[in-house]
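Asker: Protein chains in written order, with numbering that gives the first Met the number 0: chain A, 0 to 355; chain B, 0 to 312.
I should point out that these hints are in silico values taken from the structure, not numbers from a laboratory.
Ideal Cβ placement from N, Cα and C applies to all residues, glycine included.
Please note: incorrect hints may appear among the correct ones.
Claimed, not checked - Examples of chain B residues toward chain A, derived with CB under 10 angstroms: (1) L26; (2) R30; (3) T72; (4) A75; (5) W76; (6) R82; (7) G83; (8) L94; (9) A186.
Unchecked claim - So these bits of chain B aren't anywhere near chain A, every CB distance computed over 10 angstroms: (10) R38; (11) L45; (12) N77; (13) T88; (14) P147; (15) E149; (16) R201; (17) V222; (18) V236; (19) A289; (20) D302; (21) Y308.
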Amino acid sequence: MTREETPGVRDIAVVAFAQTDVLRTTDELSEVEMLMPVLHSVLDRTGLKTADIGFTCSGSSDYLAGRAFSFTLALDGVGAWPPISESHVETDGAWALYEAWTKLLTGDADTALVYSYGKSSPGSLRDVLTRQLDPYYVAPLWPDSVALAALQAQALIDAGEADESALAAIGTRSRRVATLNSHAQLRGTVPQGDYAVRPLRTGDCPPVGDGAAAVILAAGERARELCSRPAWIRGIDHRIEAHSLGVRDLTDSPSTRLAAEKAGVFERPVDTAELHAPFSAQEIVLRKALRLDDSVRVNLSGGALAANPMMAAGLIRIGEAAARIHRGESDRALGHATSGPCLQQNLVAVLEGDAR
Amino acid sequence: MPEVLKAPLVVEFPFTRSLGPVQSAFLTGLRERVVLGVRTGDDRTLVPPVEYDPVTAEELHDLVEVAATGTVTTWAWNHAPRRGQPLATPFAWVLVRLDGADTALLHALDAPGPDAVRTGMRVRIRWAEERTGAITDIACFEPHDGDPAELTGTTGEFADPVTGIVAPARLDYTYSPGRAQSAYIEALSTRRTVGERCPSCRKVYVPPRGACPTCGVPTAEQVEVGPRGTVTTFCIVNIKAKNLDIEVPYVYAHIALDGAGLALHGRISGIPYDQVRMGLRVEPVWTDGARYPDHYRPAGEPDADYDAYKELL
Ligand SMILES: [Zn+2]
Numbered sequence: 000m001t002r003e004e005t006p007g008v009r010d011i012a013v014v015a016f017a018q019t020d021v022l023r024t025t026d027e028l029s030e031v032e033m034l035m036p037v038l039h040s041v042l043d044r045t046g047l048k049t050a051d052i053g054f055t056c057s058g059s060s061d062y063l064a065g066r067a068f069s070f071t072l073a074l075d076g077v078g079a080w081p082p083i084s085e086s087h088v089e090t091d092g093a094w095a096l097y098e099a100w101t102k103l104l105t106g107d108a109d110t111a112l113v114y115s116y117g118k119s120s121p122g123s124l125r126d127v128l129t130r131q132l133d134p135y136y137v138a139p140l141w142p143d144s145v146a147l148a149a150l151q152a153q154a155l156i157d158a159g160e161a162d163e164s165a166l167a168a169i170g171t172r173s174r175r176v177a178t179l180n181s182h183a184q185l186r187g188t189v190p191q192g193d194y195a196v197r198p199l200r201t202g203d204c205p206p207v208g209d210g211a212a213a214v215i216l217a218a219g220e221r222a223r224e225l226c227s228r229p230a231w232i233r234g235i236d237h238r239i240e241a242h243s244l245g246v247r248d249l250t251d252s253p254s255t256r257l258a259a260e261k262a263g264v265f266e267r268p269v270d271t272a273e274l275h276a277p278f279s280a281q282e283i284v285l286r287k288a289l290r291l292d293d294s295v296r297v298n299l300s301g302g303a304l305a306a307n308p309m310m311a312a313g314l315i316r317i318g319e320a321a322a323r324i325h326r327g328e329s330d331r332a333l334g335h336a337t338s339g340p341c342l343q344q345n346l347v348a349v350l351e352g353d354a355r
Numbered sequence: 000m001p002e003v004l005k006a007p008l009v010v011e012f013p014f015t016r017s018l019g020p021v022q023s024a025f026l027t028g029l030r031e032r033v034v035l036g037v038r039t040g041d042d043r044t045l046v047p048p049v050e051y052d053p054v055t056a057e058e059l060h061d062l063v064e065v066a067a068t069g070t071v072t073t074w075a076w077n078h079a080p081r082r083g084q085p086l087a088t089p090f091a092w093v094l095v096r097l098d099g100a101d102t103a104l105l106h107a108l109d110a111p112g113p114d115a116v117r118t119g120m121r122v123r124i125r126w127a128e129e130r131t132g133a134i135t136d137i138a139c140f141e142p143h144d145g146d147p148a149e150l151t152g153t154t155g156e157f158a159d160p161v162t163g164i165v166a167p168a169r170l171d172y173t174y175s176p177g178r179a180q181s182a183y184i185e186a187l188s189t190r191r192t193v194g195e196r197c198p199s200c201r202k203v204y205v206p207p208r209g210a211c212p213t214c215g216v217p218t219a220e221q222v223e224v225g226p227r228g229t230v231t232t233f234c235i236v237n238i239k240a241k242n243l244d245i246e247v248p249y250v251y252a253h254i255a256l257d258g259a260g261l262a263l264h265g266r267i268s269g270i271p272y273d274q275v276r277m278g279l280r281v282e283p284v285w286t287d288g289a290r291y292p293d294h295y296r297p298a299g300e301p302d303a304d305y306d307a308y309k310e311l312l
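Excised from the complex, chain A in its bound form (with noise of 0.2 angstroms):
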């Protein structure tokens, strides 16, 4: 939902935001020591201690991890005794930012701290993948998550919307412009490759690493006192598709655009977007959902294609166009994640800055 259709609500900005490097291993790391760093390094950059923190959400999978409640041990890294206001999603961080944007509406905290991270390395990531899928039709056949996305690719191909060389361009420039994001996994030329499921070559795919990410949130004034520019959040929504892929449209995706919709992105023109595409098809099914024209500056980060952390990626959209709101870089910015098969469930948040 958007500020405008709830007057009187208080205004939540992004004021600070921290990543890892993304790294195909991090073997000599638990997922609290690969936590903590980013943990530290949001706090600095606002000078909060996390005693000072109103409320805390994290994003994660005990599927990645192969352990029941693994979030709790994270929860070591964030000072979690005596007991904290702490909430939990079983997906992408960019949920627990919705969570905490709420909690932060709701006038119990003026301050959250989120975070997410994701170790893809212990397991084998395309096969744990399939067990996010329905489990009477689709998961016992082991469909695995480059499939899925090579379905998808192909319903776009078919539809004359992209053919093999269109997919190539998009993740050679991904990584091409990600050689400015020292936090990105696969930066400068990547050999677009064989294929990994036809028609997706694994140039059209991301690549599977470790990493983690933080957001910290503000109400008013308490955000204007811990940033300079912070990056409002004007509008952030969420929204899913159905869950059996043969019931959707794979060429379109209508969840994102209705997430847009309420969030606002179609009252103004965003000059900035940050696009949660893990597959190359899928930033041209996004494109076209969020109505982005070449004149929004797209994936400057290099987006999923450069750098996947499973859990973080997304929170990492919001956070990497928060950024350049906060360096001024921006002035209305949109961030997309995504989680599920093929583009399932969108959420789009618009963030902008004070005018200059």
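Knowing the structure of chain A, use the given hints to seat chain B with the ligand on it.
Answerer: Below, chain B with the ligand alone, put in the same frame as chain A:
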């Protein structure tokens, strides 16, 4: 820094799931070589069928048979099949709209190569020889030249309906415990217990996890604790666990090793269970080749004063 420890971690689970009336009819139908869809309020036929309309959320129950032949709506060539997938030889993933259906079903297509597959091609179901009432009763699809298959006339009523499925899953991991816990495990291999001191509150955590949960800061300074310790609290276990070779009743206790800032837990033996008490001084007992103490036994010292361990309860 010591070498990072790694070990295989296998997670296996056989989920038992019950079926609603629509899923039951669909999966029972597959067992009987019949494909059923469900009709929506706007007269669309969803295959595979769902219990609620994905657009209106209206409850659905109007079953209708569709043909075992259909048309590929999109596909992807899988040259390297993975464990658990329908075919062990290269195949195409396909979404197939069966004749009579308005939506598509995901499955595998057995074809000689990607050049033999295209969107719009006609296919038919190849049934599995042994069928149990599961999506895998469809072995795969195969190319089909010709007309829609004839319907069987099944209504969706079956004598012996399937009411549940067992969905086995296995995921393989290589677990790595990280820096702090690796150091703890390495020390145990020489029968020493090592914790980490918080630089802020000075508390010594054992086993260490690399962070102080009170201060939210990394811990790094290693501190050897024990080997002796104090029972801070305990319980008497009267139920024998499956596969556990320990006679009941036995005592399970929280033990504050000397120098540690919090208690870990362990079994107490070498003393009748009803004589274990708070403050009892204990020491670890190692068995040959063990990677951690088998249990703790009385150390033969006077009991610790309550004040000495009350902060560790
Ligand atoms: Zn401490």
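Asker: If a hint holds in the structure, say so; if it doesn't, say that too.
Answerer: Right, here's what the structure says about each hint:
Hint on L26(B) holds. Least Cβ distance to chain A is approximately 8 angstroms, under the 10 angstroms limit. The closest approach between the C-beta of R30(B) and any C-beta of chain A is roughly 14 angstroms, which is over the 10 angstroms cut-off, so the hint fails. Interface hint at T72(B): satisfied, since its Cβ lies 8 angstroms from the closest Cβ of chain A, which is below the 10 angstroms cut-off. Because the closest C-beta pair between A75(B) and chain A is about 3 angstroms apart, less than 10 angstroms, the hint holds.
About 4 angstroms separates the beta-carbon of W76(B) from the nearest beta-carbon of chain A, less than 10 angstroms, and the hint is met. A distance limit of 10 angstroms between C-beta atoms decides the matter here; for R82(B) the minimum to chain A is near 7 angstroms, and the interface restraint holds. Satisfaction of the interface hint for G83(B) is found here, the shortest Cβ-Cβ separation to chain A being roughly 4 angstroms, below the 10 angstroms cut-off. Given hint, L94(B) at the interface with chain A, holds; its Cβ is 5 angstroms from that chain's nearest Cβ, closer than 10 angstroms.
The interface hint given for A186(B) is broken, as the beta carbon of that residue sits about 17 angstroms from the closest beta carbon of chain A, more than 10 angstroms. Every C-beta of chain A lies more than 10 angstroms from that of R38(B), the closest at about 14 angstroms, which supports listing it as non-interface. Look at L45(B): its CB is around 7 angstroms from the nearest CB on chain A, not clear of 10 angstroms, so calling it non-interface is violated. A cut-off of 10 angstroms between C-beta atoms contradicts the statement that N77(B) is not in contact with chain A; the least separation is 5 angstroms.
The non-interface label for T88(B) is consistent with chain A: the shortest C-beta to C-beta separation is roughly 15 angstroms, beyond 10 angstroms. Against chain A, the non-interface label of P147(B) holds: every CB pair exceeds 10 angstroms, the least being about 18 angstroms. A cut-off of 10 angstroms between C-beta atoms confirms that E149(B) is not in contact with chain A; the least separation is 23 angstroms. Residue-level check passed: R201(B) sits 15 angstroms from the nearest beta carbon of chain A, beyond 10 angstroms.
The non-interface label for V222(B) is consistent with chain A: the shortest C-beta to C-beta separation is roughly 18 angstroms, beyond 10 angstroms. Residue placement check: V236(B) keeps its beta carbon more than 10 angstroms from all beta carbons of chain A (closest about 22 angstroms). Listed as outside the interface, A289(B) is consistent with that label: its C-beta sits roughly 24 angstroms from the nearest C-beta of chain A, beyond the 10 angstroms cut-off. With a least beta-carbon separation of about 29 angstroms from chain A, D302(B) lies farther than 10 angstroms from that chain, consistent with its non-interface assignment.
No beta-carbon of chain A is positioned within 10 angstroms of the beta-carbon of Y308(B); the least distance is around 19 angstroms.
Checked against the numbered hints above, the structure violates hints 2, 9, 11 and 12; every other hint is satisfied.
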